[in-house]
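4 protein chains.
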Amino acid sequence: MKSETTIRVRYAETDQMGVAHHSAYVAWLELARVDWLSAAGLDYAAIEESGIFFPVVELGLQYKRPARFNDEVRVTCWLAELASRKFVMRYSLHIGEKEIATAFTTHVPQDGEGKARRLPAELMRRLERAR
Amino acid sequence: MKSETTIRVRYAETDQMGVAHHSAYVAWLELARVDWLSAAGLDYAAIEESGIFFPVVELGLQYKRPARFNDEVRVTCWLAELASRKFVMRYSLHIGEKEIATAFTTHVPQDGEGKARRLPAELMRRLERAR
Amino acid sequence: MKSETTIRVRYAETDQMGVAHHSAYVAWLELARVDWLSAAGLDYAAIEESGIFFPVVELGLQYKRPARFNDEVRVTCWLAELASRKFVMRYSLHIGEKEIATAFTTHVPQDGEGKARRLPAELMRRLERAR
Amino acid sequence: MKSETTIRVRYAETDQMGVAHHSAYVAWLELARVDWLSAAGLDYAAIEESGIFFPVVELGLQYKRPARFNDEVRVTCWLAELASRKFVMRYSLHIGEKEIATAFTTHVPQDGEGKARRLPAELMRRLERAR
Numbered sequence: 001m002k003s004e005t006t007i008r009v010r011y012a013e014t015d016q017m018g019v020a021h022h023s024a025y026v027a028w029l030e031l032a033r034v035d036w037l038s039a040a041g042l043d044y045a046a047i048e049e050s051g052i053f054f055p056v057v058e059l060g061l062q063y064k065r066p067a068r069f070n071d072e073v074r075v076t077c078w079l080a081e082l083a084s085r086k087f088v089m090r091y092s093l094h095i096g097e098k099e100i101a102t103a104f105t106t107h108v109p110q111d112g113e114g115k116a117r118r119l120p121a122e123l124m125r126r127l128e129r130a131r
Numbered sequence: 001m002k003s004e005t006t007i008r009v010r011y012a013e014t015d016q017m018g019v020a021h022h023s024a025y026v027a028w029l030e031l032a033r034v035d036w037l038s039a040a041g042l043d044y045a046a047i048e049e050s051g052i053f054f055p056v057v058e059l060g061l062q063y064k065r066p067a068r069f070n071d072e073v074r075v076t077c078w079l080a081e082l083a084s085r086k087f088v089m090r091y092s093l094h095i096g097e098k099e100i101a102t103a104f105t106t107h108v109p110q111d112g113e114g115k116a117r118r119l120p121a122e123l124m125r126r127l128e129r130a131r
Numbered sequence: 001m002k003s004e005t006t007i008r009v010r011y012a013e014t015d016q017m018g019v020a021h022h023s024a025y026v027a028w029l030e031l032a033r034v035d036w037l038s039a040a041g042l043d044y045a046a047i048e049e050s051g052i053f054f055p056v057v058e059l060g061l062q063y064k065r066p067a068r069f070n071d072e073v074r075v076t077c078w079l080a081e082l083a084s085r086k087f088v089m090r091y092s093l094h095i096g097e098k099e100i101a102t103a104f105t106t107h108v109p110q111d112g113e114g115k116a117r118r119l120p121a122e123l124m125r126r127l128e129r130a131r
Numbered sequence: 001m002k003s004e005t006t007i008r009v010r011y012a013e014t015d016q017m018g019v020a021h022h023s024a025y026v027a028w029l030e031l032a033r034v035d036w037l038s039a040a041g042l043d044y045a046a047i048e049e050s051g052i053f054f055p056v057v058e059l060g061l062q063y064k065r066p067a068r069f070n071d072e073v074r075v076t077c078w079l080a081e082l083a084s085r086k087f088v089m090r091y092s093l094h095i096g097e098k099e100i101a102t103a104f105t106t107h108v109p110q111d112g113e114g115k116a117r118r119l120p121a122e123l124m125r126r127l128e129r130a131r
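Protein chains in written order, with our numbering: chain G, 1 to 131; chain E, 1 to 131; chain V, 1 to 131; chain D, 1 to 131.
Simulated from the structure, these hints should not be mistaken for laboratory data. Bear in mind that the values here come from a model prediction, so they are computed numbers and not experimental data. Where a beta carbon is used, it is the ideal one built from N, C-alpha and C, also for glycine. Among these hints, one or two may not hold up.
[Unchecked claim] Straight-line C-alpha distance at most 20 Å; calculated SDA-like pairs for lysine to any residue:
1) G:64 <-> D:98
2) D:115 <-> D:66
3) E:115 <-> V:82
4) E:115 <-> E:51
5) D:86 <-> G:100
6) V:64 <-> E:114
7) G:86 <-> G:18
8) D:115 <-> G:129
9) E:2 <-> E:115
10) G:64 <-> D:46
11) G:2 <-> G:49
12) D:98 <-> G:57
[To be verified] Cβ pair distances, simulated, as ranges:
13) D:49 <-> G:113: 12 to 22 Å
14) G:112 <-> D:97: 37 to 47 Å
15) G:46 <-> V:98: 14 to 24 Å
16) D:124 <-> E:129: 54 to 64 Å
17) E:122 <-> G:120: 37 to 47 Å
18) G:68 <-> D:68: 48 to 58 Å
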């Protein structure tokens with residue numbers, strides 16, 4: 001399953017080069033990830049309340065074309081790899097027909113104290129089904 | 001007592017107008033406030049750990065001149081008003097000799113559940129002394 | 001005329017108090033302002049390309065209740081004061097039926113070099129009509 | 001040559017997990033990069049004024065341990081690869097003795113219109129010398 005999230009580039013996200021600053025994309029990926037989880041029937045806020053967190057342990061971003069103020073950026077997101085102790089989300093960002101960036105984030109499930117833990121079986125099943 | 005905090009404008013803080021975006025200043029004020037507390041012998045991280053929080057309930061900012069990438073901004077900060085249920089911090093921002101902005105933030109002490117509470121006597125005393 | 005903009009609180013906008021950081025609101029106001037201009041038939045990107053900028057010279061924000069991760073915040077925006085050299089936008093932020101914040105921003109039209117200038121007559125007319 | 005930049009984690013950079021949000025690191029790398037260039041005798045603001053820009057075309061970040069509010073993060077930065085049309089900066093982030101993250105950014109020199117161009121000979125020489 002792929003989810004699609006549309007972001008409008010904020011003025012605050014531009015820099016003096018006149019384009020969206022490369023750090024802004026990281027928050028966009030996060031929005032897309034939350035939407036993907038939601039489309040998979042998972043509410044990230046509720047997951048955290050249950051004591052499980054999905055911190056980012058690795059991030060990769062390739063920038064191909066700039067995004068500008070007020071551009072509509074479409075972020076496609078999917079689950080690329082899944083194991084009980086680690087999963088990888090991938091992202092493709094488009095403006096119109098043009099791909100402007102690709103990205104991945106790797107996540108390690110943790111408890112509230114920051115200790116790595118296995119994905120609970122029910123969560124794992126849902127992620128597997130939505131993959 | 002007045003504290004002084006020096007900030008270097010980050011590239012990420014600029015916008016396509018070629019100056020520091022007006023939202024960036026809000027984080028600068030916060031840095032200055034933490035430094036003021038520290039100069040007053042108070043560690044904000046420790047205050048939070050003790051279960052007291054100083055959320056901002058009001059914010060005012062006047063922008064007089066722009067700040068640019070890599071500019072060194074000096075934020076002077078002081079406690080302007082103090083009561084057991086509310087206090088006001090004031091700020092003056094300079095680049096070189098020129099004042100570029102003034103600001104204030106109003107804070108209401110709260111507990112971890114977001115309920116307003118009086119400043120503990122010891123905290124109140126220290127703030128009063130540093131005023 | 002009042003415009004309405006809906007923002008979903010980003011995880012990146014939360015802080016360790018567990019609520020949206022007070023600086024995040026400033027970007028939300030900007031999104032609402034751009035939407036108001038758009039509803040008034042004005043494209044802010046095009047206005048800037050024509051060499052006119054609306055920098056914020058004053059900002060006021062009152063925070064009444066916190067916003068949390070994934071909350072849907074509705075920002076109502078309107079033009080409160082209009083003169084050829086200065087205008088004021090006002091904002092009311094709601095989550096559901098509850099008002100969580102109010103704000104204003106004051107703007108002084110400038111050219112690309114940062115010199116104050118009068119609003120061009122056509123722009124003035126459109127703002128007046130949309131008021 | 002390696003440069004060292006010290007950053008204090010801003011409250012605004014924390015998220016509801018109680019740690020610095022992973023997007024904050026991207027701005028820290030940028031600060032470190034600007035400092036490295038400065039240590040190499042190069043002023044990035046002046047480089048941009050001369051019409052050359054170093055946009056990030058690729059970004060990689062590995063997060064090993066969290067950073068918390070007010071932590072002092074030391075970012076070591078160096079030039080890892082250099083060619084006339086592309087260069088790679090590497091970063092190692094420490095709190096105390098512990099490495100908390102590693103990163104790289106790849107840059108492609110561009111002109112003001114976003115066209116890739118060779119590094120001017122003088123710039124290339126200075127980067128080579130500082131490597």
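Do the hints match the structure? See the list:
{"no.": "1", "hint": "G:64 <-> D:98", "verdict": "34 Å, violated"}
{"no.": "2", "hint": "D:115 <-> D:66", "verdict": "38 Å, violated"}
{"no.": "3", "hint": "E:115 <-> V:82", "verdict": "39 Å, violated"}
{"no.": "4", "hint": "E:115 <-> E:51", "verdict": "11 Å, holds"}
{"no.": "5", "hint": "D:86 <-> G:100", "verdict": "19 Å, holds"}
{"no.": "6", "hint": "V:64 <-> E:114", "verdict": "11 Å, holds"}
{"no.": "7", "hint": "G:86 <-> G:18", "verdict": "37 Å, violated"}
{"no.": "8", "hint": "D:115 <-> G:129", "verdict": "44 Å, violated"}
{"no.": "9", "hint": "E:2 <-> E:115", "verdict": "29 Å, violated"}
{"no.": "10", "hint": "G:64 <-> D:46", "verdict": "25 Å, violated"}
{"no.": "11", "hint": "G:2 <-> G:49", "verdict": "25 Å, violated"}
{"no.": "12", "hint": "D:98 <-> G:57", "verdict": "16 Å, holds"}
{"no.": "13", "hint": "D:49 <-> G:113: 12 to 22 Å", "verdict": "49 Å, violated"}
{"no.": "14", "hint": "G:112 <-> D:97: 37 to 47 Å", "verdict": "26 Å, violated"}
{"no.": "15", "hint": "G:46 <-> V:98: 14 to 24 Å", "verdict": "22 Å, holds"}
{"no.": "16", "hint": "D:124 <-> E:129: 54 to 64 Å", "verdict": "57 Å, holds"}
{"no.": "17", "hint": "E:122 <-> G:120: 37 to 47 Å", "verdict": "44 Å, holds"}
{"no.": "18", "hint": "G:68 <-> D:68: 48 to 58 Å", "verdict": "35 Å, violated"}
Checked against the numbered hints above, the structure breaks hints 1, 2, 3, 7, 8, 9, 10, 11, 13, 14, 18 and satisfies the rest.
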